[in-house]
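K.L.:
Residue numbers (my numbering), protein chains in the order written: chain R, 1 to 348; chain H, 1 to 286; chain U, 1 to 283.
No wet-lab data here; the hints were simulated from the structure.
Short, incomplete list of chain U residues facing chain H, as computed with Cβ under 7 Å:
no., residue
1, 9
2, 13
3, 16
4, 23
5, 31
6, 81
7, 98
8, 101
9, 109
Some chain H residues close to chain U (C-beta under 8 Å, calculated; not the full set):
no., residue
10, 35
11, 38
12, 41
13, 103
14, 106
15, 116
16, 226
17, 231
18, 256
19, 259
20, 262
21, 269
Where a beta carbon is used, it is the ideal one built from N, C-alpha and C, also for glycine.
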Amino acid sequence: MADIVVDQVVKEFGSHQALKRVSLTVNDGELVALLGPSGCGKTTLLRIIAGLETQTDGRVLIAGRDVSRLAPRKRGIAMVFQNYAVFPHMTVFENVAFGLRMKKASGADVKRKVERAAALLHIEPYLDRYPGKLSGGQRQRVAVARALAVEPAVLLMDEPLSNLDALLRLEMRTELKAVLREAGTTTIYVTHDQTEAMGLADRIAVMYGGKIDQIGAPLEVYATPATRFVGGFLGSPPMNFIKLRSKEGTVQLGSTSLHAPANGDVELGLRGEDAGLAPEGTGLPFQVRVVEPMGSHILLTGAIEGQLARIVAPPTAQVRPGERLGLTVDPARLTWIDAETGRAIGRG
Amino acid sequence: MTVMVSETAAPVRPRAMALPSARRLLLWTGLAVLIAWVLVPIYFVALGAFGGRMGVFRWPKSIWPSDVSIAPMQQFLAIEGVFNALVNSCIAAGFTVLFSLLLGAPAGYALARYSFRGQNAFRLLVLLTRAFPLAILALPLTVSFIRLGLYDTPFGVSLIHTVLALPFAALVTQSLFMGVPREYEEAAWVFGCTRFQAFVKVVLPLALPGLAAAAIFAFVISWNEVFAASILTVRERTLTAYLLKILSESPLHYRFAGGFILIVPSVLFIFAVRRYLFAVWGIASK
Amino acid sequence: MPTRASFAPYALIAPSVLFLAALFLWPLVQTIWLSIADGEGTSLANYERMAADLNFSLAIRNTFLLTAVVVPIQIALALGMAVMVSKLEKGRDLALWVLTIPLGISDLAAGLAWLSLLQNSGYLNSALYGLGLIPGPTGWLSQETPFTLFLGIALAEVWRATAIVLVILIAGLQLIPKEFAEAAEVFGAKPWTRFRQITLPLLRPSLQSALILRTVLAFEVFAVVYALGGRNFPVLVGEAYTWQNDNQNYGVAAAYAVLIMVISLAATAVYLRLLRVNPEQLP
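Using the sequences plus the hints, can you model the full thing?
P.N.:
If you want it as structure tokens, here you go:
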């Protein structure tokens, strides 16, 4: 068990700066998800921690030891790769045993630990088979078992579920959470899928443009985004941003006046599910354009102040396209954003 | 009713089967002619090789094998120098395989896995060899080979044959190594391997069939080469050099026997690597 | 790309670079030097001697003629083979194997195989005799029958080296997505139109490399010619061989070598220019 400290890491590819002085601390036993769109630097950061990539500047410490210049095999890590990287020319048993064999563990030790990891991931029936005959989900289990078998101080996972189909992904996510909880290994989990990050992580670090925009518990990041990007990236539908002008600390929206934390150009961040439907004339005026019944809820697309907004309504709501409604909001759940910097400036 | 008719009129059949029968006949006839075109000369040289002295002068000849026996081939192999030439050919081809893979595979790996300054210059050097009639380079090498004691040895011949096979080996192994996902190697590093261990444990086993194909190609390149082998040997001739030398003075049936021995391994080799043939040449001709 | 071990790629290519420098680039320079060396200084004496030789103009003419006849036939034949084979559903692998057998056959062996057909009492003459066309064994490969000698050599060359073109073209065809031809078919293109408008243009890079490879090798033609005609049909490489081995005159042999290299390079340059491949037009 170990903690990970990423200290002011910079990575440059030629003139392009992929990581701009990123710092991050992952506590012992914690699972942190690096979440962000492709190209945000999350995979690069993970590969630097693994030692597969060398940082241009900065340090990486694992369990207090500076591993910045060590080869991957000397860092005490295990990794699960995006395409599993399960060796096709070895049986499942040999795959899971690979790390142990490289450590020159005794035969009995290898057998015991492989069997334990196999039991954890429910792959005992396939131990004698070659990976070519396994499905994607089974290969995924082998990859995880191989990583856990070496009892690593740190487990790194690079989009491990992205190659599975949707249903299997959901199933594996739940199972992965249970397995990782039991193993209690310090884990960094890279993903671009917000539901994975929300469901699995103790904390989420949202990355954008080579920086960490916000790090915090999943619900905290969701409810109180630190930047416009975080609010827009998390949540489905994404947070709505309404450009407004604030005078003397107040914004007037139809018959509702809201207290704004700044004057001038501001943006109001509103989660689609945080608005309640009300008759026209009360609350924020909302013009419905498209109504999409999604089963568990109804998705309304329309305009607030002439700007696109998506509102989540209960499945029983009776709304027709073209209708004008009012929206009631809880000021405490609103996010105010500085239109210029894109950073949150206050709530309510 | 019309719907029914059109449904039965459009049976579900593979596309090629749906070719009009006249065109299919044409296709099969054309292919049969082409296949005969390839096989007939081989068949006749085999008849010549096993027909012996009498077979060569029989007139008119029958296209069916008659009086064919193993004896003429045994006689041919018993001629002084023939067996030695056969051995020399094998030695030269063996060394060519060894050198072209030992030199070419690391270069192929470098091209597949790294991007480095001078990469394009190296690629150009490799491709440049193809615009040159390489065997001709044996001409100036005669003098330095005599000085180095390499002249008239199968080893010396294999060096110039390696120049022929090396660019090929480098390009083929490059694509082989590119076909082994980088992730496999990275996984091996993470789980405790050094770079070399990862190569031996993971990359090599996965690239092995392709490497075998590349080796066979190198063998055939050396086995078949005539010009450089003839220039660089006098007594320790390879089979091709030996046959070229005796062309004007030996009886026809010996020439046919020699030609047949040259052909046999090639045919078997092409059969062995047929799965790789197109992939390999697709790469090497880029 | 790990940048850490930046010396690694150089260490990996170093052996082959050194090898090619020693046995490709250095002999290249040596050849040029040998051809112009004259005692202490340099002169074109070797070239003059080469050009003055009786066989020189014959060798030039024969080599070019052979290349000009053989290469286009090979390309056309290989294209035909490739198209036919691609139409096959069953037996495709077997047909391809048979058609590519000559790829592994030495030019010397190819010459000998055709010698068994074309020699005085060979199978061709037997067939002609059987048809009542000739009275008895007839020579086709002597100095007195230059045209049939040329024909025989050309046949053997086409037989031997069409396979390599076929393989390059098939490899190229495999890279062309099927959807293109299918799209064209949906829009009403007939097979011949599809072949001309879709397949051929997309096959251009393969055609280019096949042409370069075949032409360079065609200028090197030697063993096939020797097996069938001996010295009755002088070609450039054959002359270089004779000057080197029989006359022991390395200078003139080197002059021939330089000439062959210049011709090969010129041919390559011409092809690269004529068949320029625009990378933007490739899938």
